[in-house]
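These protein sequence lines map, in sequence, to chains A and B. Note that numbering that gives the first Met the number 0 numbers the first sequence so that position 67 is 66, with each residue one more than the last. Note that numbering that gives the first Met the number 0 numbers the second sequence so that position 40 is 39, with each residue one more than the last.
One should not assume that every hint holds.
[What the hints assert, rightly or not] Only some residues are given here: those of chain A computed to face chain B with a beta carbon under 10 Å:
1. P5
2. L12
3. S13
4. V15
5. S20
6. D21
7. S34
8. R38
9. P39
10. M75
11. K86
12. F87
13. P88
14. G89
15. D92
16. S93
[Unchecked claim] If you want the ones that stay clear, here's a sample from chain A, every Cβ over 12 Å from chain B, calculated:
17. T1
18. F2
19. E3
20. R25
21. E30
22. D46
23. I47
24. R52
25. H54
26. E66
27. S73
28. S96
29. S97
[As the list claims (entries may be wrong)] With beta-carbon atoms standing in for the labels, derived distance ranges:
30. A32/B - L95/A: 19 to 29 Å
31. V98/B - A32/A: 18 to 28 Å
32. G41/B - S34/A: 27 to 37 Å
Think of the hints as simulated: they come from the structure by calculation, not from any bench. Quick reminder that beta carbons are idealized off the backbone N, C-alpha and C, glycines included.
Protein chains: 2
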Amino acid sequence: MTFEHPDRDDIDLSAVLHALSDPQRRGIVAELARSEEPRPCGSFAPDITKSTRTHHFRVLREAGLVEQWKEGTSKMSRLRRDDIDAKFPGLLDSVLSSVPVA
Amino acid sequence: MTFEHPDRDDIDLSAVLHALSDPQRRGIVAELARSEEPRPCGSFAPDITKSTRTHHFRVLREAGLVEQWKEGTSKMSRLRRDDIDAKFPGLLDSVLSSVPVA
Numbered sequence: 000m001t002f003e004h005p006d007r008d009d010i011d012l013s014a015v016l017h018a019l020s021d022p023q024r025r026g027i028v029a030e031l032a033r034s035e036e037p038r039p040c041g042s043f044a045p046d047i048t049k050s051t052r053t054h055h056f057r058v059l060r061e062a063g064l065v066e067q068w069k070e071g072t073s074k075m076s077r078l079r080r081d082d083i084d085a086k087f088p089g090l091l092d093s094v095l096s097s098v099p100v101a
Numbered sequence: 000m001t002f003e004h005p006d007r008d009d010i011d012l013s014a015v016l017h018a019l020s021d022p023q024r025r026g027i028v029a030e031l032a033r034s035e036e037p038r039p040c041g042s043f044a045p046d047i048t049k050s051t052r053t054h055h056f057r058v059l060r061e062a063g064l065v066e067q068w069k070e071g072t073s074k075m076s077r078l079r080r081d082d083i084d085a086k087f088p089g090l091l092d093s094v095l096s097s098v099p100v101a
């Protein structure tokens with residue numbers, strides 16, 4: 000199983016803003032932004048169902064906000080901060096500064 | 000006919016990001032950001048239908064991005080820049096810097 004990701008040049012502002020318009024997805028992005036290391040997707044948002052979490056990660060990945068890959072039986076994830084900051088300077092900072100710290 | 004607007008305190012980031020996730024709505028916001036004066040809603044986006052424009056303005060207004068009011072037979076609009084900048088510093092600037100100038 001491999002995951003498809005948009006190249007940096009193909010990251011679209013509409014998709015990014017749509018992905019960030021959901022508070023649970025913003026929470027995941029905020030947690031990833033605080034992580035020094037990649038994290039298993041299953042370690043996020045323990046209060047939502049697995050299928051909802053899978054959906055949110057797919058929206059984030061297809062928008063270009065998150066990279067996902069397999070390690071053994073885990074799906075790992077990291078924030079594509081460099082790509083988003085390069086394409087839309089200041090956007091993530093302004094959105095994340097409005098996300099309450101969990 | 001009056002228009003309902005959220006108070007500044009009730010402006011919600013999810014609604015703002017959703018409103019801005021549409022390229023036509025971003026175009027309207029970008030035009031309003033360049034306007035010194037309020038403008039008739041009908042003067043925006045002449046390539047879309049009136050009903051689509053009305054829909055877009057309603058989404059922008061309900062999100063708190065735009066104020067609308069009647070003047071005679073016209074609907075006027077202005078960007079609520081102060082409110083959005085106060086609630087979400089840097090957000091509009093970062094989004095608008097990615098909108099192509101029409």
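So, going through the hints one by one against the coordinates:
no., hint, verdict
1, P5, "16 Å, violated"
2, L12, "5 Å, holds"
3, S13, "5 Å, holds"
4, V15, "8 Å, holds"
5, S20, "4 Å, holds"
6, D21, "7 Å, holds"
7, S34, "22 Å, violated"
8, R38, "24 Å, violated"
9, P39, "26 Å, violated"
10, M75, "26 Å, violated"
11, K86, "8 Å, holds"
12, F87, "5 Å, holds"
13, P88, "6 Å, holds"
14, G89, "4 Å, holds"
15, D92, "7 Å, holds"
16, S93, "4 Å, holds"
17, T1, "27 Å, holds"
18, F2, "23 Å, holds"
19, E3, "21 Å, holds"
20, R25, "8 Å, violated"
21, E30, "17 Å, holds"
22, D46, "18 Å, holds"
23, I47, "16 Å, holds"
24, R52, "18 Å, holds"
25, H54, "16 Å, holds"
26, E66, "21 Å, holds"
27, S73, "29 Å, holds"
28, S96, "7 Å, violated"
29, S97, "5 Å, violated"
30, A32/B - L95/A: 19 to 29 Å, "23 Å, holds"
31, V98/B - A32/A: 18 to 28 Å, "24 Å, holds"
32, G41/B - S34/A: 27 to 37 Å, "48 Å, violated"
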